[in-house]
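Protein chains: 4
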Amino acid sequence: MNTQTKTEKTIKIAYIGGGSRGWAWKLMDDLSKADDLYGEVSLYDIDFAAALANETIGALSGGNFTYHAYESPKEALTDADFVIISITPGTFDEMESDVHTPEKYGIYQSVGDTVGPGGILRALRTIPMYETIAGYIRDYCPQAWVINYTNPMSVCVKTLYEVFPQIKAFGCCHEVFGTQELFADALCELRGIENAQRRDILVNVTGINHFTWITQASYFDIDLIDLYKEYIAKHPNGVGKHEPEDYFGCTNRVKFDLFTRFGAVAASGDRHLAEFCPGNWYLKDPQTVLRWGFSLTPVSWRKKDLAARLQKSADLQSGAAAFEHGDTGEEGVNQIRALLGLDAFVTNVNVPNVGQIPNLPLGAVVETNALFSKDGVRPLMAGDVPGGVLSLMLTTAINQLTTVQAGLTRDLDLAFRAFCTDRLCDRLSPAEAQALFDEMLANTKDYLPGYGL
Amino acid sequence: MNTQTKTEKTIKIAYIGGGSRGWAWKLMDDLSKADDLYGEVSLYDIDFAAALANETIGALSGGNFTYHAYESPKEALTDADFVIISITPGTFDEMESDVHTPEKYGIYQSVGDTVGPGGILRALRTIPMYETIAGYIRDYCPQAWVINYTNPMSVCVKTLYEVFPQIKAFGCCHEVFGTQELFADALCELRGIENAQRRDILVNVTGINHFTWITQASYFDIDLIDLYKEYIAKHPNGVGKHEPEDYFGCTNRVKFDLFTRFGAVAASGDRHLAEFCPGNWYLKDPQTVLRWGFSLTPVSWRKKDLAARLQKSADLQSGAAAFEHGDTGEEGVNQIRALLGLDAFVTNVNVPNVGQIPNLPLGAVVETNALFSKDGVRPLMAGDVPGGVLSLMLTTAINQLTTVQAGLTRDLDLAFRAFCTDRLCDRLSPAEAQALFDEMLANTKDYLPGYGL
Amino acid sequence: MNTQTKTEKTIKIAYIGGGSRGWAWKLMDDLSKADDLYGEVSLYDIDFAAALANETIGALSGGNFTYHAYESPKEALTDADFVIISITPGTFDEMESDVHTPEKYGIYQSVGDTVGPGGILRALRTIPMYETIAGYIRDYCPQAWVINYTNPMSVCVKTLYEVFPQIKAFGCCHEVFGTQELFADALCELRGIENAQRRDILVNVTGINHFTWITQASYFDIDLIDLYKEYIAKHPNGVGKHEPEDYFGCTNRVKFDLFTRFGAVAASGDRHLAEFCPGNWYLKDPQTVLRWGFSLTPVSWRKKDLAARLQKSADLQSGAAAFEHGDTGEEGVNQIRALLGLDAFVTNVNVPNVGQIPNLPLGAVVETNALFSKDGVRPLMAGDVPGGVLSLMLTTAINQLTTVQAGLTRDLDLAFRAFCTDRLCDRLSPAEAQALFDEMLANTKDYLPGYGL
Amino acid sequence: MNTQTKTEKTIKIAYIGGGSRGWAWKLMDDLSKADDLYGEVSLYDIDFAAALANETIGALSGGNFTYHAYESPKEALTDADFVIISITPGTFDEMESDVHTPEKYGIYQSVGDTVGPGGILRALRTIPMYETIAGYIRDYCPQAWVINYTNPMSVCVKTLYEVFPQIKAFGCCHEVFGTQELFADALCELRGIENAQRRDILVNVTGINHFTWITQASYFDIDLIDLYKEYIAKHPNGVGKHEPEDYFGCTNRVKFDLFTRFGAVAASGDRHLAEFCPGNWYLKDPQTVLRWGFSLTPVSWRKKDLAARLQKSADLQSGAAAFEHGDTGEEGVNQIRALLGLDAFVTNVNVPNVGQIPNLPLGAVVETNALFSKDGVRPLMAGDVPGGVLSLMLTTAINQLTTVQAGLTRDLDLAFRAFCTDRLCDRLSPAEAQALFDEMLANTKDYLPGYGL
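Protein chains in written order, with the UniProt record's numbering: chain Z, 1 to 453; chain F, 1 to 453; chain B, 1 to 453; chain G, 1 to 453.
Since the hints were derived computationally from the structure, they do not count as laboratory data.
A portion of the hints provided could be inaccurate.
Identical copies go unnamed one by one, so any copy, or any two together, can satisfy a pair.
[Said to hold, decoys possible] Once the Cα atoms are required to be at most 30 Å apart in a straight line, the calculated DSBU-like pairs of lysine-lysine come out as:
hint: 1; residue 1: K229; residue 2: K312
hint: 2; residue 1: K9; residue 2: K234
hint: 3; residue 1: K12; residue 2: K229
hint: 4; residue 1: K234; residue 2: K33
hint: 5; residue 1: K284; residue 2: K26
hint: 6; residue 1: K284; residue 2: K234
hint: 7; residue 1: K284; residue 2: K168
hint: 8; residue 1: K229; residue 2: K168
hint: 9; residue 1: K234; residue 2: K104
hint: 10; residue 1: K9; residue 2: K229
hint: 11; residue 1: K33; residue 2: K12
hint: 12; residue 1: K104; residue 2: K284
hint: 13; residue 1: K445; residue 2: K241
hint: 14; residue 1: K303; residue 2: K234
hint: 15; residue 1: K74; residue 2: K229
A quick note: this is a predicted structure, and the numbers were derived from the prediction, not measured.
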């Protein structure tokens, strides 16, 4: 795009979960480099001290933005042009229950934040929070664009639209980027093309968050689906090495196996993909997981990591550490620029289905490409989810809709219908499913308001 | 309906699978009582001797019809006004593989003809047969109404429409009738109403064959859903007694359990319902099955039963036995009368979804009520499949569409996508699923033409 | 239906527009003959004196119901099991503007209450009234079944659903009955079948109110579409005689002409049908109208008729006239009986499209057959509107949706978009259309609250 | 897009209508500048001499392509990577009938090639030609991308898909470009921004060809809809001067009037827009047309223009004139480059609706933006056609579908249903409509094969 008119924009960005010690710093970093944007970032967090800490850190990040922590959501959100939502629903204690309680019943989850028993319990405590947030946006900044980063992504975005149908919200996830990088690796290894840029790797994306599929891909005139086949043939056991204590990496063996079986490229990390499949496929037990080249992420690790990030926050505030700039790999600030009219580009996004995926239900939150431009996020027609994958995907897509309904009406019977038909609950009898569900509810009841627990 | 004009009709009914020793005799019985119908029944069967036997037996059945066996489908079908299809795809040897081979892998099936590994293998050998039959109808009697009784019902009906889209075909199944009788029992026990007639028990039916659900039911001003709740409360362990060697009965415990969990009335026998649920629910192992008050039907029993029916056929032909008349409980002849304009009534039927169930895919064969009248089968808007049940139902509905596509294109890779995501295959790893699939294909390859086996 | 259990029902029917001197008396008549129904009819009317008069007349009608006039809608509607709405939106002075003001611009309307400039203006004053009524129902008797008789039918029913989406409302119109009688005439004349009953003349109905089409029709085994062709061929100039001052009759020439052109049976009276077609077809000028065998109904006639009905009301109250019983030809009481579970039958009805007509927009109020049974009105899949007719029908269907939106938001610019694209406004330039619209608004502004006039 | 890999492509482009003296030369011009494309252009035309002439002229155009005329469509199309279709259906004698015969009945058409009586007659003779062409593509180059330029656009593209559903065809039209230029003028006049490039004027396009609407538009951060309002307010009588003998220009008064009435930007030239509206709006008579600032294009002018182009062809062949290069303003070659993977961009295109416009029928050919990239044309979700415009648009959209059906089945009764309900036929009685239709058929019957004329 030939930018004839150089325009600068002054905006207000409200950050819900503004005490974050991760995403928030990446945003600060990216904003510090956006030399055509000016304004304020208002930080709102139920942990006000954390927001205050980020007020301090934000000031250190450089750039054209000022950072203010607010105790009142009204102040934080009024007149916001953009709202970013990135929260932890509950604490890691609740996540510990989500992820590890099912292990007693033989259910192993690699992430536990999207689908499976953990994903559903997390959803049940997130939905009331998002109900509140949607109300804030409706009341204080109904015209703002809202970017969600919280998981379970589909459930969060759907809740926002259910509560405030006129909301201009979308959800962002960088899982697809990883697959684009895998294509770049294949281009390098098999075609000698180095440094292929992600933006030049064009993919057609269809599916739901963390179970997204690529049905067409190209790098200029090179068909990347053909290349991918060649790549898999050369790497029958996946690519790269994976160590058991590597909790986020994978060898892409699950992704390769799914391609072999279903003929399309699954576009998330293996840890996510495995959770959408029948429980005996990749997550039967920890040994099976390792054999497929990835690991279960223990919540104990997340707790340790949080402690490290708290220390880093303290160091940043005290000056013991300097604010680090880098390549965040995130697109949020570019999306903001596009929505202001300063750019226009196509990327993947999570929004309710208005027809972009004809064989998923209208209204379900789906992930496809969209054109970002001034005040517009227009999905591209992504085409049908590939036939063989569809029956698996619909189980989750329908159960997510059921869960949102259950959460909004605080109906645990309805929620259990989603729970007991989840693919990872396959191994349970009805009675076991009920017992596990009840135990997980009891464990996390402090964050389940209004459910009558 | 006030029948002012008494009309008599002369028609030709073609019976594909006309050597049948079950359905065919019921049809003869019902036709013998239809005093306003005259004409010919043409019997076509790949076992011509069996068709000839029924030519003899038909002559003994009384009534206004003549019975002729034909060796050529062209002769049998030309000028037919109605076509009835009721075949056995393969022999009981193939069915033995369908039902019992999966047991080696821990998969138990109560019927094995609709869903699960057995249902899918049966589908793969039925689809080429129905492809041929649809071609016959297109070529010899394109205006005929076609009634299908063969299982897997949805797959058979879908294949007919795929091959000859203008076909006027529908599928009939009496499973819903059984639930209406259960309502009649409840009316008797709880309200003292004796002999409630099935036609007065109005039900709204939505779903797919053998996994049909009743969302509204009444007997005059009595709400039968409320009554059903009361009935279940009084019978926490189901109704009636079930003995292990009772291979077709059940205590309705599965049906009651599903109502408790999903809030709607499942309207098939427990043996069918269990096969649509996760494998660990009702079919975990033979002990679990018995505990839920039903039995696995062994194919050895079917073989014995067939021998008895063959003997009966011989006895009927030789005059050692007399043709028995009774109440068949079937609606086929009434449907024929309605399509001729002699009656009009509402009953349940399997046809492609044109919108009667908004939350199932268009084109999938679904079961709902329809108005039968002169040259018309008009589905009633049945409403959405209840939320909680939908994710289970879609797994099968989508896999059936995939299987039909796989069968018509003889694509075993595609068929395996349906196979490995079937709910009863839950307990298998991908490799085990492949091994079982291959073994079942090998066992039945004589009836799998064109698949490259 | 074999009514084993003889049940009697005590119900409350609320009548909005209960001062009516037409429909209300028919209802009284029909209720007086329903020996299995008991209860109260509560009469509510903005003309309380008229409601009081009907309280008196109702008492004279005999039967098991008591009649009470209420000044408060709350009292009238609370605990109602059924609500009947039959009102005159405004007075005949407003209708005089609706029908006759457009004549200055060369637009002639035979009825002026459904479509055309008159229909749209009538809609604009009816929508706020129905907004209020829908609110009453939501607040006082949300579970009641609501039967609408007011025109414009589609607009009234749509408004009820827009304001209170959970409403159980439907609209009834007897125009289709007239076409069934025409079939009966043809059966008599061409086949010698006398006294064919309407209920035995089965029709498939698809379209929108007053522009409904019959795509399949039979009397037992007789195809009535074929018979209709024969009938038309024999009556090239229509059937029956029509005199200029016969304001409601017609010779069915329009209906026959539409059949010849479009190949399907238009199922309303010619006066209604003509208004959905391009202005130059049947309503070009009064001479053209007469040539097609029908008349424009002047509002002066309606005023005279009203005076006669007022006199009749006075006579009934004073005892100068006795309450007359007859065959009303209406189905309302039968529908009530069916909804109570005392009967079950199929008839035509106006409800929002949930898929029963695939090629009309979802949500548009459409007219098709439906099965009436205990607490249920289930539309039958009516099939597509015939191709050639569809483009005409969509003009009105879309404009009705636009008009309801315009009425609810009191947006006259939006309303004008429907007005200027109406088929009867064909002959106007944009400026003339605007002038006519403004004049009609000014004429009727006393009944257009909130529009800023 | 950062083109790292410089790729050159050798392709075969087949040109149906390759004797063209307009589009063909523009293509030659654009191809001569595409320095990354090489190959052959095969010219096929029923006028072989004309194709031969272009073989000569093509050689003069420079660049990397060779030009060959073929007498056999098989040779021309075999192995083609791209097919361009740009034909004249019949001669200008037929078009003379299309455009001017209706004038006898008071119907004036400014173009007469898309809609109105002329558009429908042109469709009826084009459909059989496109039926043939679709067959060629299916048989000789089923994988080729097919670009259509012939009018009536929607009808041509729909016919291709009806005959060969797997075709990869789309239709291109530059009418939207004109509106983008109008925005550029407004940017210059009102904001002082000179030389705004069309690619930087981002528009969201929804509708059908020649009746396309822009619902969102921006130039970087400038909202062009707001700007357009301002522009219209400043130019109440349109922009620019129009002389009666200026047959292609206009003052945009129709466009401005439609904006005022419907609140969205109509995106074609006024000559096209007027033909979709009721006949009395802009085309009542020649005086009205002039008053709205445009002209009726007489076919006599087209004939004269053709003579000039024939002369130019002769001059080019003889060397009396040199091949002229310029800015064609066409996108075809860029689209070809994108489909080869050499570029990726968003532009407007005509393809069957798969959901990109939710309130137009699925399958109707619609015009929206699409992303062009390697082997892909993915429509963007364009959103609903604005409410007020929809009823007008559906009349044409449905009539186009009806016309294609009528053309493929050679069913003139069906075609007449579209004809008599067209908005420009408003002024006719049914009998007049029939007479005009018959006269136009008779006039052009040499090009109406198989219709039984």
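Here is what the structure says about each hint:
For a Cα distance limit of 30 Å, the shortest separation of K229 from K312 qualifies neither inside one copy, at 43 Å, nor across copies, at 53 Å. Taking the shortest Cα distances, K9 and K234 sit within 30 Å of each other only across copies (28 Å), while inside one copy they are farther apart (49 Å). Taking identical chains as interchangeable, the C-alpha atoms of K12 and K229 lie at most 30 Å apart only when they sit on different chains, with a minimum of 28 Å there against 46 Å within one chain. Taking CA atoms no more than 30 Å apart as the test, K234 paired with K33 passes in neither setting, with 40 Å inside one copy and 41 Å between copies.
With identical chains, the CA atoms of K284 and K26 are never at most 30 Å apart, being 36 Å at best within one copy and 49 Å at best between copies. In this assembly of identical chains, the alpha carbons of K284 and K234 lie at most 30 Å apart only when taken from the same copy (27 Å versus 40 Å across copies). With identical chains, the CA atoms of K284 and K168 are never at most 30 Å apart, being 40 Å at best within one copy and 44 Å at best between copies. Proximity of K229 to K168 under the C-alpha cut-off of 30 Å is restricted to the inter-copy arrangement: shortest distance 25 Å between copies versus 39 Å within a copy.
When the C-alpha separation of K234 and K104 is checked against a cutoff of 30 Å, the pair qualifies neither within a copy, at 39 Å, nor between copies, at 35 Å. Only between protomers do K9 and K229 lie at most 30 Å apart by alpha-carbon distance; the minimum there is 24 Å, versus 46 Å within a single protomer. Proximity of K33 to K12 under the C-alpha cut-off of 30 Å is restricted to the intra-copy arrangement: shortest distance 17 Å within a copy versus 47 Å between copies. For the identical chains of this complex, K104 and K284 are neighbours both inside a copy (13 Å) and across copies (19 Å), given an alpha-carbon limit of 30 Å.
For the homomeric pair K445 and K241, neither the shortest alpha-carbon distance inside one copy (40 Å) nor that between copies (42 Å) is at most 30 Å. In the homo-oligomer, the alpha carbons of K303 and K234 never lie at most 30 Å apart, since the shortest distance is 38 Å inside one protomer and 50 Å across protomers. Taking CA atoms no more than 30 Å apart as the test, K74 paired with K229 passes in neither setting, with 53 Å inside one copy and 35 Å between copies.
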